[in-house]
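Asker: Sequence:
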Amino acid sequence: MNTNAVVEVRNLRLKFPGEASLMFKDLSITVPEGQKVLLLGPSGCGKSTLLQVLSGIIPNSIEVPLKYDEIQRSASWGFVFQDPDTQFCMPYVDEELAFVLENLSVPREQMKERIHQALASVGLLLEDPHTPIQTLSQGMKQRLALASILLLEPDVIYLDEPTALLDPEGTVEIWNTVKSIASSKTIIIVEHKIDQIVDLVDRIVLFNHAGEIIADGVPHEIFQKNKQELVQFGIWYPEVWEDYLSSDKYQALQQQYHAELALANELEHTREPVIRLQEFSGFHGDVRKIHVPEAVLYAGEWLAIVGSNGAGKSTFLQSLMQLLRTEGLYQIEGEQIVQTTKRIRKQIVPSQLAFVFQNPEMQFITNSVNEEVSFSSSNVPLSGNDSNGDIQALLNKFDLAGLGERHPYQLSMGQKRRLSIASSIFGGQKIVLLDEPTFGQDARNTFAILEMIEGLRLEGAAIVMVTHDLHIVQHYATRVWTISEGQLIDSRLSGRGGTNGVLYTAENNMALPC
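By my numbering, the letter at position 258 of the sequence shown is numbered 1511, and the numbering carries on one by one without gaps.
Read the hints as simulated data drawn from the structure, not as lab findings. Please read all numbers here as calculations on a predicted model, not as lab measurements. Treat the hints loosely; a few may be bogus.
Straight-line alpha carbon distances no greater than 30 Å define the calculated DSBU-like cross-link-like pairs of lysine-lysine that follow [claimed, not checked]: (1) 1650 <-> 1278; (2) 1365 <-> 1438; (3) 1446 <-> 1478; (4) 1446 <-> 1268; (5) 1432 <-> 1289; (6) 1268 <-> 1289; (7) 1268 <-> 1650; (8) 1320 <-> 1365; (9) 1502 <-> 1683; (10) 1478 <-> 1289; (11) 1478 <-> 1502; (12) 1502 <-> 1480.
Make a model of the complete structure from these sequences and hints.
Answerer: Here it is as structure tokens:
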């Protein structure tokens, strides 16, 4: 055992029940005190699982068979999960943070100020901290999860994609907060959005798809010497978007887009919208949470919905799906959608829409990956092999081959997200709503998902996507809607491929004319 190590494991072997192969085979890693380490690799290679082993969550809280020669864990640690909903113990924001302070024996009279300081440090500015956690957006929940860990003042911090659901401004704020407390901490990070942390980490441990360490060193050396492996395994690196935009695949898609755009301009005055909204509102109880004065969506459009965390973007999609009570004009292909009222609660999900939830676990209802895809297409569990070929082909497209018998909850977050998309689009609906469909994905799967969605659009589907990824807004969306404080405030063409429209910048999350 390394005497300088604060975290270490030697010859780790781990196997999920029911799996044919090991996730890790004789994996060893040592982290000295105070080091900042980024675990970088393709989605599903075991990075999050390794964090849970190093912290002790596996096997102390999650029983997974594993063996190792030696292991050393810190007694003082905090963990920020990929899914913030798994983090909380209390129903209200202030109670969640007070629970942490109570365990640290902080006097009650000091708690209020400490709670306000913790929320301010992560940019979660609430009028009343006694706010139900369930009313927060997923991005706001991520901020709260980090605030609770920072209050613990642990020696070792494990961060599992803590900014996956945050807008660009929030991402910068979170990493600035981490950097401000980083000097005396050991920090081990799993993150796909690496631009903001390359100057924070001392070391990158690079994994391949099989969970094997293929490189270990300082960031600039990894990016220079292992470019081939980064590309081969579809891992994020600083210039990955620039390389992708110059690829033959993307250039071919752009040629199709421009040819299609010229034809669409000729037919502009004869097209009918697939969705028409006028004075449309969605409600949580009696409180209006989203309002759209007037808007239309056409077949073949890729609509990106942007705005800060908590602005109402996800609420808008839920309103379109009739998961919330709505009022106003809402037509799909000219047909008025049945509205719910205060007196009569009718939840009628429009059959023309496919929906990918922000939290993929919210849409899983079966016990295997195969059944999940089959149920979504036929509304009955898989029975027989009639559709098995189609299902396996779809799983191959979404890099889920060989996982058909695994329970959806046993997948990595990136795999869960890909399953949620695959099961949603298998029904063939021509209007597809997606809430942050690329979070938690490596570069290869991000581009594969985008190309799959673009294929649906080219076939005539209308795409409505909530996203914080400004590259997607700029290079795939055809139109952009901006939502702010529960109101649709702007609708304009995107800047895709240099067309007249808007250019989004990560520095201020603003749309600028171009």
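Asker: Decide, hint by hint, whether the structure agrees.
Answerer: Here's how the hints hold up against the structure:
no.	hint	verdict
1	1650 <-> 1278	holds (27 Å)
2	1365 <-> 1438	holds (25 Å)
3	1446 <-> 1478	holds (20 Å)
4	1446 <-> 1268	holds (28 Å)
5	1432 <-> 1289	holds (10 Å)
6	1268 <-> 1289	holds (27 Å)
7	1268 <-> 1650	holds (25 Å)
8	1320 <-> 1365	violated (44 Å)
9	1502 <-> 1683	holds (24 Å)
10	1478 <-> 1289	holds (20 Å)
11	1478 <-> 1502	holds (25 Å)
12	1502 <-> 1480	holds (20 Å)
Of the numbered hints listed earlier, the single one contradicted by the structure is hint 8.
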